[in-house]
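Undergrad: Here's the letter readout for the chains.
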Amino acid sequence: MGEEAIVRTMGLGKSFGSTVALRDVDLTIGRGEVFGYLGPNGAGKTTTLRLLLGMLRPTTGRASVLGVDAWRDAVAVHRRVGYLPGEPALYGKLSGRQRVAYFGHLRGAANDRRALSLADRLDLDLDRPAHELSKGNRQKLAVVLALMSGPELLVLDEPTSGLDPIVQQEFYALLREQTDTGGSVLLSSHVLGEVQRVADRIGVVRSGRLIAVERMADLREKSLHHVGARFADDVNAAEFAAVPGVRDLAVTGRVMTCSAPQAALDGLLKRITRHPVVDLDCAEAELEETFLAYYGTGEHHAA
Amino acid sequence: MLHNVATKTLFDQRRTLLAWTISLALLVGMYVAIWPSIRDQPAMTDFLNSMPPAIRSMFAMSGADMSTPIGYVKIEMLSLMAPLLVLLYAVSTGAAAVAGEEDRHTLDLLLANPVSRSRVVLDKLLAMTVGIVLLAGATAVALMVISPLADMSLPTGPIVAAMVHLALLGLVFGTLATAVGAATGNLTAARAVPAVTAVIAYVVNGLGPQISWLAPAQKFSPFYQYTGHDPLLNGLSVPAVLIALATVAVLAGIAVAGFRRRDVAA
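The listed protein sequences correspond, in order, to chains P and S.
Numbering-wise (the numbering used here), the first sequence opens with residue 17 and increments by one.
Numbering-wise (the numbering used here), the second sequence opens with residue 194 and increments by one.
Rather than coming from a laboratory, the hints here were simulated on the basis of the structure.
Just so you know, not all the hints are guaranteed correct.
As the list claims (entries may be wrong) - Okay, the calculated beta carbon distance ranges per label pair:
{"hint": "1", "chain 1": "P", "residue 1": "Gly48", "chain 2": "S", "residue 2": "His196", "range": "28 to 36 Å"}
{"hint": "2", "chain 1": "S", "residue 1": "Arg454", "chain 2": "P", "residue 2": "Ala125", "range": "25 to 33 Å"}
{"hint": "3", "chain 1": "S", "residue 1": "Leu211", "chain 2": "P", "residue 2": "Ser133", "range": "30 to 38 Å"}
Beta carbons are placed, not taken as given, at the ideal position from N, Cα and C, and that holds for glycine.
Please construct the entire structure, taking both the sequences and the accompanying hints into account.
TA: What follows is the structure, given as C-alpha cells:
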C-alpha cells in the first residue's frame, strides 16, 4: 500500500507496569478502507486505538498515522483524525450545541453546519445539557463530535454500543459516506456482527496480540455450513471425520450432523451419498459462528 | 466563551467565581461590622500581648495591634482567613485542571482535538490566574468600599499590595496542585500535596522567628514572601513578587513537562 497507508504500526507494544497490554502489533490500514478491530473485552483494542491517538506512549515499536508519528506529532494527527472513545465522557453541563462550538473552535472549524446536519440525521437534540441525555443520545453526540470536522481517518471504539438499530443504520450510512470520499475507518468491536456489514478487513486481537487479519470476503468463503443427514442404515462417524475441515461431528444411529466450511462440502456430500439418504439439510451458519469457530474464545464469549 | 480551553474553564467556573466573590465581600462586611466593638476594647490588644510569642507569631503576624484598622485587618483577615480561602480556591482549581478532568474521563476527548498538552496546561493555569486575581481583587474592592462605613481608614496602596501578594501566594500553591495533577493524573495527590505543603510552609513561616533551627527555612516559605515584609505597612516587595513568580514559572514548567511525557488515562 506504500504511501497510501493511513495507519501503520511496527512492532507496536504497550506495557502498564509489569502488565503487557499489547505486544508486537504490525498493522496497516489503507486509504478508503474500513478496518474492523475485533477481540474480547480487555484484549487490547482500546490500548491500540489510544496509542494511535498519542494518548499512550508506546513501550516498543511505533505507530504512524497519516504519515506522522502518533506520539511525537499527536497534534498533527488529531487535526485529521476523528475519535470516538469507548465510553465517551461529556461535560455534563454543556449542551450539545455548546460542546460542538467548543470543539469546533479547538479544531479550527468555526462552521457548525456539518455538526447540525449530523445531529439531524441521528435525531439528536443539541439543546439539552449532556447530563440530561440518555446513554444512546450521549453516544450520538460523541459520534457527531468525531465526525463533524470531516476527518480523513475515523477511530471508533465500540461505536454502536448504546445506539438503537435505526440509528445504527444511519451510522453505517455515515461510514459508507466516509469511505466514498476516500476516508478510512478503524472501528473496534467485540462482536463480528457489528462490523461484518461495513468492514473490508478484520483484525483479531486476543490477549494483546494481533492473531489474525483477514479480508471479509475470505472469511465469507470459510463460512461454516450446518449439515445434517438422516440415513436408511446406521453409519460410522469415522467415515465423515476423514473429510478435512469437518468439525462438531456427531453421529447417533442413523443421523449425522456436523459443521463444514464451503470448501469441505463437496467431499462431505460424496461420503454422504455412499449411503441411502432419507433426508438432507444444509444451511449457512451466521458469520459470527464461523468467526468464533476460528478465533473463538470459548463459550463465555459475548455474542 | 467557548473559544479555547482557558475561556471555557472560566465559563465553567462562572457561578463558582460569583459565589466566591459574594462570600468574600460578605466576610469583609462581617469583619468591618464588628470592628467598632473590637476597637473599643483595649483588652483585645492586651490579650494578644499576653499570648505566648510562638502562638502570637503563628496567628497574628508581627507587630500585632488590634487597636488600629491596619492591625485589625492584618490579624483578622490576612493572617489566616484570606490565605485559607484563596488557597482553597487555588488548590481545588489547580487540581481540577488536569487531574480533575482525567478523573471524570473528559480529558480523553479534549486531548483528541488538535490542542497540544502544553497548551491545555497553560490555558488552565491562565484561567486559574484570572480566577485568583478576581478573588483577591474583589477582596480589595470590598475592603475599600465597606471599611469607611465603620470609620476604618485603610490606605488603598498597601491594601492593593497585600492583595497582590495574596494572589501570588494562591498562584504558587494552585500551580503546585496543577503540576502534581498534570504529572501524575492523581486527583487526591493533586489536592493533598499542596495542602500539606501549605500547612508546613505556614508553620515554618510562623514559627521561624521563634525556633532557631527553623529560622533558615522561613525565607523559603511562600508565606514569608506573602507577609514577611508586612505589605500593609510597607507595600509591595519586588523581591518577594519575583520569587513568587519564579516559583510559579518553575512549577508551570514541571506541569507541562510532566504532562507531555506520560500516558493519559482513558
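Undergrad: The structure should be examined with respect to each hint, and the outcome stated for every one.
TA: Quick rundown of the hints versus the structure:
Taking 28 to 36 Å as the suggested C-beta distance range, the pair glycine 48/P and histidine 196/S conforms, at roughly 34 Å. The hinted window of 25 to 33 Å between arginine 454/S and alanine 125/P holds, with their beta carbons roughly 29 Å apart. Distance hint for leucine 211/S and serine 133/P: a CB-CB separation of about 37 Å, consistent with the stated range 30 to 38 Å.
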